[in-house]
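Guided by the hints, dock chains B, C and D onto chain A, whose structure is given.
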Amino acid sequence: MPTPPMAPSPWLLILVFLGLSALIAFGTIFAAWALRVRAKVDLPTKGLTYECGEEPDGLAWLRFHPRYYVVALVFVLFDVEAAFLFPWALNLEALGSLALIEMGAFLGILTLGWVYALKKGALKWQ
Amino acid sequence: MAVDESGRNYTHPVYGYAESLPGADLFLTKADEFLTWGLKNALWVFPMATSCCGIEFMAAACSRFDMDRIGSIARGTPRQCDVMIIAGTITVKMAPRVKKLWDQMPEPKWAIAMGSCAISGDFYRDIYSVVPGVDTFMPVDVYVPGCPPNPDDLLMGMRRLQEKITQVRAGTWVEPELAPDTAGFKRPEIGRLGDPDRDPRTSQDQLDSVLNLGIHGEATRAPQADE
Amino acid sequence: MIVDHPDTAAWVAERFGWQTADPELGPQVPADQLVALATALRDELDFAYVVYCVAVHYPAEDEIQPKFKEGEEPPPVIPAKPDRCLVTYRVRRLGPGTTTFGFHLWVPTGETCPSLVDVWAGMDWQEREQYDLVGVVFDGHPDLRRIMMSEDWPGHPLRRDYAIDTRHHPWR
Amino acid sequence: MAVTPSPTPEPATQRVGGLELPVELLRPAWGDPYLDLDDYDAESDVMALNLGPQHPSTHGVLRVKLFMDGEVCVRAVPYLGYLHRGVEKLCEKLSYANVTPIVDKNDYVSPMMNELAINMTFEKLMGCEPPPRAQVIRTIVAELQRVASHLLWVGTFCLDIGGAIGGGASAFMHTFRERELILEIFEELTGCRFHYNHHTVGGQRHDIPAGWDTLVKQTLDHIERRTFEYEDMLTENPVFKARTIGVGVVDPKLAMACGVSGPVLRASGGDHDLRRDAPYAAYDRVDVDVQVRTEGDIYARYLLRLAELRESIRIVRCLIDDIPEGPICALKAVKLPGAVKPKPGFAYTAIESPRGELGTFVVAGPGKRGKGGPNPYRCKIRPPSYHVLSLLPYIAPGENLSDIIAILGSLDPIMGEADR
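Residue numbers (my numbering), protein chains in the order written: chain A, 1 to 126; chain B, 1 to 227; chain C, 1 to 172; chain D, 1 to 420.
With the rest of the complex left out, here is chain A (with noise of 0.2 Å):
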């Protein structure tokens, strides 16, 4: 049954969605550099690196120690698992009980992998 001509058509929904989305964005990005303030002369010492006032001395870019490293994956492995939360969370009744074993069992696994980082003391730092 074709969908009734007065109902927009989904793209449409979606091409809508996208805008507005891209306009807030940028919208605001433009605001800020329309009504900003410009100081009568720009300084070098506006661009600096602010260290609490002095010189910053010596190099940000640095060989940092692994163990930083594996604490941001072990974040991903959860922020991962909570995008796939919320869709699943939002139509759950639409879906049925079966997805409610398969997100258990997605849970179970990355719970696995959660119990074997800490076994292996990824947040161990000392």
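It should be emphasised that the hints constitute simulated quantities derived from the structure, not laboratory data.
Keep in mind the model is a prediction, meaning the values are calculated, not measured.
Cβ atoms here follow ideal geometry from the backbone N, Cα and C, with glycine treated the same way.
All clues stand as given, with none of them false.
List of simulated lysine-lysine pairs, DSSO-like, C-alpha gap at most 30 Å:
id, chain 1, residue 1, chain 2, residue 2
1, A, Lys120, D, Lys241
2, D, Lys341, D, Lys368
3, C, Lys81, D, Lys371
4, C, Lys81, D, Lys93
5, C, Lys69, D, Lys343
6, A, Lys46, D, Lys65
7, D, Lys341, C, Lys81
8, B, Lys164, A, Lys40
9, A, Lys119, D, Lys241
10, D, Lys368, C, Lys67
11, C, Lys81, D, Lys124
12, D, Lys368, C, Lys69
13, B, Lys164, A, Lys46
14, C, Lys81, D, Lys368
15, D, Lys65, A, Lys124
16, D, Lys371, C, Lys69
17, B, Lys30, A, Lys40
18, D, Lys241, A, Lys124
Some chain A residues flagged as far from chain B (calculated, every beta-carbon gap over 12 Å):
id, residue
19, Ala7
20, Ala25
21, Glu93
22, Ser97
Coverage of chain D stretches by chain C, computed from C-beta distances (three or more under 8 Å per stretch; other residues unrestricted):
id, stretch
23, 12-23
24, 352-364
Coordinates of chains B, C and D only, in the frame set by chain A:
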């Protein structure tokens, strides 16, 4: 090269073009007032708290005198602040840092000299290591006298600054002329920023001293004029 | 072995032979024996707490001929004193009835004073401050830098010949 | 069967600097303040970070240059002098009576303590003794100032732990509300909230107004009830305990060598308090119950300062009821600044300020015709904050950056006093 003024009567590119359109200026005055209202009621404070006035600043930010009522929160970095409150004595070793932090604040920015140490160096002004007043190296908008000024005086200073912002943006601000020499008060030879007989090289030397701060924190000195 | 000697000045007089003229200042210590006295105080008399190290600058004084009437024979001439610094130390023994003990030495300007950093760690910053403000050089100090003034500050502020409102281009 | 002599039990306490200290507290290993970075085999590059002169957590303008290996500090180099206002040089120019308002501004969290320290030294030089009423007022005022100072410390310390907008701000708001009550008491007595200029050579300048003691008693009852509020908020708070227990441990032997006394030494087992061991003013009429803890970490210092706060309230309550009658200043009102001319000599006195031993060494200079001069020849102020900061290069290495900020907060340095 004059030390830059804070966000005072600037000419804005967008407004300039928009005003040429017929009938747009009626709308723009309302927009400007709206922006001024938003600007002055959210003055985030950069507390340059060096000594005793810093404690009174903390008392002003706390629950009894609550600076939050007029919309100002103390922030740690100069990047997010509109008003720099210089609370306490500024010594010669600290002055380049204060100037650098002032330059690192985005426009529009204002400065409040809180306490007589920041205004004129108080009874320390004759000492070898104290800068006699903050306005010898940076523009100051409101002076809050006192040693230390009560928190409600500081809040009155903030209200005074809000009035000044409104008048400056409305273009009706009249710059008060500098106080004449009061009873032979011995002023240090480095005049205030607005003094006409101030040596322009001093501003240049002050800026150089800020630009090339020594790594160990010493301010590299320009050649002494009288050495 | 730690001995609880009630009167430290008497113990020092008996042990090292330096008398104490002014109880506040304590005995005058020759420069080469300073570290020996300090270690003795710390180990034997249990003075482990640093109170301060202060340097006081005395400018040079020329000879003084005190006035006298013609009848009597002229009183002895007070000799001229060079430009010198009085360096006083003070340490404290904690516990009930805590007492402090001070000792001092005269350091003519230009000469150095032995450093006590190896005996008490707290003397590190005290000596740096006195070097910075009064200009007494402590040899043997691991890191004798200025602590109060900026690194390139001309002169030492707390000397008597340093004017209080000295200019410092371009900030005052 | 050869009876192996039982190893002599390791002595439980060891005598260091006149104090009996439990042995397990004396830890030899400390950070090396003069560590050469070349011979430090870092797993990653060492970053030089400035915890600079303008930083919300440095309690004033202290700059610490931290050499960090990732999150862990390798070496800490404090730089002072950003608030050096030349107070000692200014004291040499002023007369004895004029020095009080200058020294008032050194330790701007407890101004009464500075005045008390310097005026006691001048009185020792003059050889005059303040009347009993002035002695009792001095003790009451000093203890009230200690309550205000510790209240401010609890507030700002929670800022260092929780952050200005985060969880720490709540305790900050509470403690400053109580501190305002104490400022009101001082406003009643001296007329201003801060920098009172209350002490003078030989006694006090302002006498107690009528009804002042009832105001003090009500305020102290109110504050004592509120301290239990902080305990509910902080002492059993798991986050607070996780951030403070076992962090920034200070070894009493190192503390003594660096000249540190006060809450930092008492939290590490040093049973030393000038109010009890060398009583001044009216402390000999009160038995000061000195609080001592042996853990030496930040949590011990927090508990100790809270207990000291209550101890000060108890001391004020003991003294507030029987303030002897009589004059409040030994010398006639010191109108002419030049009236005070002590004979040439040296004098050192020390008091117990909320941060430790605050002393003043004054050299009275020769005046005309051999009598004393109108202004001091040299006026050295011995601030506890300067010594507490000299501990930092020893205890900072090996700690995380956020813990260093908590340690700095727990040492309670005041830069106006450290830089003079």
